[in-house]
Every structure is written in structure tokens, then in C-alpha cells.
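K.L.:
Chain by chain, the residues run as shown.
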Amino acid sequence: MIAIVPDPINVLQVVESVIDPAAGAIDIFIGTSRNISHGKKVLYLEYEAYLPMATEFLDRIAATASERWGTRKISIVHRTGRVGLGESSVVVAVSAAHRREAFEACRYIIDTLKEDVPIWKKEHFEDGEVWAGREGSTITPE
Amino acid sequence: MIAIVPDPINVLQVVESVIDPAAGAIDIFIGTSRNISHGKKVLYLEYEAYLPMATEFLDRIAATASERWGTRKISIVHRTGRVGLGESSVVVAVSAAHRREAFEACRYIIDTLKEDVPIWKKEHFEDGEVWAGREGSTITPE
Amino acid sequence: MRIQVKLFAMAREEVGSSELSLELPPGSTAQAMLEILCASYPRLKPLHKHLRIAVNREFVKPDWQLSEQDEVAVIPPVSGG
Amino acid sequence: MRIQVKLFAMAREEVGSSELSLELPPGSTAQAMLEILCASYPRLKPLHKHLRIAVNREFVKPDWQLSEQDEVAVIPPVSGG
Numbered sequence: 124m125i126a127i128v129p130d131p132i133n134v135l136q137v138v139e140s141v142i143d144p145a146a147g148a149i150d151i152f153i154g155t156s157r158n159i160s161h162g163k164k165v166l167y168l169e170y171e172a173y174l175p176m177a178t179e180f181l182d183r184i185a186a187t188a189s190e191r192w193g194t195r196k197i198s199i200v201h202r203t204g205r206v207g208l209g210e211s212s213v214v215v216a217v218s219a220a221h222r223r224e225a226f227e228a229c230r231y232i233i234d235t236l237k238e239d240v241p242i243w244k245k246e247h248f249e250d251g252e253v254w255a256g257r258e259g260s261t262i263t264p265e
Numbered sequence: 124m125i126a127i128v129p130d131p132i133n134v135l136q137v138v139e140s141v142i143d144p145a146a147g148a149i150d151i152f153i154g155t156s157r158n159i160s161h162g163k164k165v166l167y168l169e170y171e172a173y174l175p176m177a178t179e180f181l182d183r184i185a186a187t188a189s190e191r192w193g194t195r196k197i198s199i200v201h202r203t204g205r206v207g208l209g210e211s212s213v214v215v216a217v218s219a220a221h222r223r224e225a226f227e228a229c230r231y232i233i234d235t236l237k238e239d240v241p242i243w244k245k246e247h248f249e250d251g252e253v254w255a256g257r258e259g260s261t262i263t264p265e
Numbered sequence: 164m165r166i167q168v169k170l171f172a173m174a175r176e177e178v179g180s181s182e183l184s185l186e187l188p189p190g191s192t193a194q195a196m197l198e199i200l201c202a203s204y205p206r207l208k209p210l211h212k213h214l215r216i217a218v219n220r221e222f223v224k225p226d227w228q229l230s231e232q233d234e235v236a237v238i239p240p241v242s243g244g
Numbered sequence: 164m165r166i167q168v169k170l171f172a173m174a175r176e177e178v179g180s181s182e183l184s185l186e187l188p189p190g191s192t193a194q195a196m197l198e199i200l201c202a203s204y205p206r207l208k209p210l211h212k213h214l215r216i217a218v219n220r221e222f223v224k225p226d227w228q229l230s231e232q233d234e235v236a237v238i239p240p241v242s243g244g
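Top to bottom, those sequences are chains A, B, C and D. For the first sequence, the working numbering begins at 124 and goes up steadily by one. For the second sequence, the working numbering begins at 124 and goes up steadily by one. For the third sequence, the working numbering begins at 164 and goes up steadily by one. For the fourth sequence, the working numbering begins at 164 and goes up steadily by one.
There may be inaccurate statements among the hints.
Simulated restraints on C-beta separations [claimed, not checked]:
#, chain 1, residue 1, chain 2, residue 2, range
1, A, 250, D, 219, 53 to 59 Å
2, C, 232, B, 238, 55 to 61 Å
3, D, 189, B, 169, 37 to 43 Å
4, D, 203, A, 139, 45 to 51 Å
5, C, 213, B, 136, 39 to 45 Å
6, B, 235, D, 188, 33 to 39 Å
7, A, 167, B, 169, 46 to 52 Å
8, B, 136, D, 188, 49 to 55 Å
9, A, 193, B, 209, 16 to 22 Å
10, D, 167, A, 133, 47 to 53 Å
11, B, 158, D, 188, 47 to 53 Å
12, C, 212, B, 209, 49 to 55 Å
13, C, 222, B, 248, 50 to 56 Å
What the hints contain is simulated information worked out from the structure, not anything from laboratory work. Backbone N, C-alpha and C fix where the C-beta goes; we use that ideal spot for every residue, glycine too.
Work out the full structure: start from the sequences and follow the hints.
P.N.:
This is the structure we're talking about:
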């Protein structure tokens with residue numbers, strides 16, 4: 124399941140989508156919105172995506188991870204639009220025969236996603252809003 | 124939530140138990156039963172635990188991980204008794220401000236659990252049963 | 164030649180539109196397009212050196228030659244996840 | 164002195180019981196207990212070098228001295244997860 128969706132992500136559904144009888148390990152990464160960023164109170168986040176390019180990139184990242192680590196199943200779901208505090212912006216799930224492959228493939232996917240996939244996050248504060256990664260503001264490590 | 128339980132693990136409940144307003148990342152590891160082990164068809168698994176010692180060890184592993192990586196919340200739930208194919212034997216969930224800490228702490232917890240915590244797995248095959256790690260049989264990497 | 168350019172996130176907001184049409188000399192490169200775009204929309208200039216160009220949903224180098232039927236997009240620093 | 168010993172997994176199955184009582188000389192070490200146990204239950208012998216001893220829910224070294232009130236357990240190779 125590779126998808127970019129405007130609605131809340133059903134984490135359980137994403138986990139279930141990678142269950143595989145030959146898998147002994149599943150690693151899941153969930154990105155959630157923090158209540159504080161750059162020392163300021165966050166009200167909510169907003170995500171924008173270049174949909175066709177972002178979807179193609181996610182497909183390709185999953186294919187690369189699958190080939191490199193010999194994983195069983197991979198799902199990546201990223202949300203767009205307004206995301207409230209404590210809600211999930213992205214869920215990555217990887218099943219594999221053994222845990223090393225599941226952990227490393229999952230880490231590779233989220234690292235590469237944050238580096239290259241055309242999706243943008245805007246943080247809304249009480250006194251304004253700022254695009255994460257915008258020149259002059261710190262790019263958050265998340 | 125640190126627990127060793129005889130009933131199926133509610134994965135969503137474990138994930139929700141580590142949600143934290145200051146966390147931007149959650150990593151979750153799920154151990155599932157594979158249908159093939161040592162080239163033979165597995166019917167089901169059976170786990171046994173030295174309950175008080177195993178629980179104390181899990182508490183301590185979580186405390187060490189929390190201190191070393193400055194994580195937000197940690198949950199570890201391990202199952203005992205009969206575990207059917209595709210079911211979860213263990214779920215580890217770690218929330219942290221950033222993803223590196225969540226991944227590394229989660230990996231440390233499952234690695235240490237498999238090394239030191241007094242829990243045992245027996246694999247039931249069509250033609251018999253074997254304790255994983257028993258002398259003469261290979262210790263499975265999972 | 165006439166090129167349709169998609170804009171996202173901070174680039175979209177600075178320009179005030181998610182898509183625009185640029186008249187360029189035939190054979191123009193991605194870099195030339197970006198320079199013309201920033202000249203037309205001075206508010207983009209501080210972002211200029213951070214912008215990447217995607218053609219047909221692939222990042223391209225600055226010397227990539229554009230064609231009229233290309234899907235061209237301006238990609239500011241990404242921050243998904 | 165009399166020591167209660169808990170047995171788990173393959174050790175429990177080879178002995179046929181999850182707990183037993185052993186009569187040991189006062190001041191016996193964990194290692195001595197294990198040797199007496201394996202002598203009494205020869206089916207444990209192939210496992211002997213793989214067994215760890217826990218006292219009061221902590222792994223101890225072979226030269227650890229046992230006391231009557233200790234919670235003593237024989238820990239075969241673990242395989243949780």
C-alpha cells in the first residue's frame with residue numbers, strides 16, 4: 124500500500140497490510156506532530172504534496188528497499204492537508220523474515236522520504252506560520 | 124506499558140500507549156510467527172516465561188533505553204502460551220522527539236530482550252516440537 | 164516556446180499561484196527558466212539557490228533542455244515525514 | 164540446607180517438573196547445585212554447559228553462594244521475541 128491521502132491514517136490497517144506468513148518481523152515508523160517547534164507552541168500542521176511525482180518517488184523508494192533488503196511487504200502512507208496535534212503525518216511499515224532487514228529498510232525509507240519526496244510541511248503557530256525547511260528557519264531533524 | 128500476557132496483543136493499544144505531545148517519531152517492532160522454520164512447516168508456537176524475572180528485566184531494559192536515548196514513552200508487551208501463525212508474539216513501541224532515538228532505542232530493546240530475558244519459544248511442527256535455541260537445533264536469528 | 168510551470172509550498176505562495184505559463188526562447192535550460200521566473204517574481208529571489216527543478220516528475224540538472232510538452236515543476240526544499 | 168529450584172522450558176521438560184527441592188551442603192555454590200542437579204537428572208547433562216542460574220531474579224556467576232531463602236532458577240538458553 125503506497126498512498127498519499129487527505130484523511131487520517133488508519134495505523135492498524137497499514138500494519139495489517141504488511142502481514143505475511145513468511146515474515147517474522149515488522150518494523151513500523153510513525154511520524155506525529157509535536158506540540159512545540161523552534162520553542163513555539165504549534166497549533167496544527169499542514170502538508171502539501173506534488174502528488175504524481177511524490178507517489179512515483181514513494182513507489183521507487185519501496186522498490187529499492189525491497190530489492191536491497193529482500194523484505195516481504197512494504198507500505199508507505201503519507202497524509203496531506205491539515206494534521207492536528209498527536210495525529211500521524213506518515214506511517215511506514217516493513218515486514219521481513221528477520222528483524223535486521225525490517226529495521227534497516229524502514230529507516231532507509233523514512234530517511235529517503237524526508238530527503239527527496241516532494242512533500243512540504245507548514246507549521247501553524249499562534250503568531251504565524253512557517254514552511255519547515257524554508258530559508259532562514261531551521262530545518263527540523265524530523 | 125510493560126507486560127507479559129497470555130492473550131492476543133492489541134497492537135493499536137500498544138501504539139496508543141506511547142503517543143506523547145512532545146514526540147515527533149514512534150518506532151514499533153512486532154515479532155510475528157513464521158510459517159516455516161528450519162525448512163519445516165510450523166503449526167503454531169508456544170511461549171513460556173519466568174514471569175517475575177522477565178517482567179523485572181523488561182522494566183530495566185526500558186529504563187536503560189529511556190535514559191540512554193532520552194525517549195518519551197516505551198511499551199513492551201510479550202505474549203505467553205500458544206501463538207497461532209501470523210499472530211504477534213511481541214510488540215515494542217518507542218516514542219521520541221526525533222526518529223533516530225526512536226529507531227535505536229527500539230532496536231536495542233528487542234535485541235536485548237532476545238539475548239537476556241527469560242522467555243522461551245517452542246515451535247510445533249507436524250512431526251514434533253522443538254525449543255528454539257535448544258542444543259543441537261539452530262538458534263533462529265528472530 | 165511556452166512552458167507551463169507548477170509551483171509548490173513557499174514558491175507557490177511567493178508567486179501567488181500554483182501554476183503559470185512562461186514564454187522562453189526555444190531550447191532554454193532549466194536554469195534559464197528559473198532565472199526568468201525569479202526576475203519576473205522578485206519575491207522568489209531569496210529562495211532561488213534552494214529551488215530544484217523537476218521535469219516529467221524527475222529532478223533534472225540546471226543544464227537540462229526543456230521542451231514545450233514537458234511537465235515542469237519548481238521544487239522548494241522538501242519537508243515531508 | 165534445602166533449596167527450592169525453579170525449572171523452565173527444556174530444563175523443566177527433561178526433569179519432568181517445574182520446581183524441585185534439593186538437599187545441599189551449607190554454603191553450596193550455584194555451580195555445585197547445578198552439578199548435583201545434573202547428576203540426579205542425567206537427561207539434563209547435554210544441556211549442562213548451556214544453563215545459567217538466576218538467584219532472586221538476577222543471573223549469578225558459578226561461584227555465587229546460595230542460601231536457603233533464595234529464589235533459585237535454572238535458565239536454559241532464552242528465545243523470546
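K.L.:
Are the hints correct? Go through all of them and say.
P.N.:
Checked hints:
no., hint, verdict
1, A/250 - D/219: 53 to 59 Å, "holds, 57 Å"
2, C/232 - B/238: 55 to 61 Å, "holds, 59 Å"
3, D/189 - B/169: 37 to 43 Å, "holds, 39 Å"
4, D/203 - A/139: 45 to 51 Å, "holds, 50 Å"
5, C/213 - B/136: 39 to 45 Å, "holds, 43 Å"
6, B/235 - D/188: 33 to 39 Å, "holds, 36 Å"
7, A/167 - B/169: 46 to 52 Å, "holds, 47 Å"
8, B/136 - D/188: 49 to 55 Å, "holds, 51 Å"
9, A/193 - B/209: 16 to 22 Å, "holds, 20 Å"
10, D/167 - A/133: 47 to 53 Å, "holds, 50 Å"
11, B/158 - D/188: 47 to 53 Å, "holds, 51 Å"
12, C/212 - B/209: 49 to 55 Å, "holds, 51 Å"
13, C/222 - B/248: 50 to 56 Å, "holds, 51 Å"
The structure agrees with every numbered hint stated previously.
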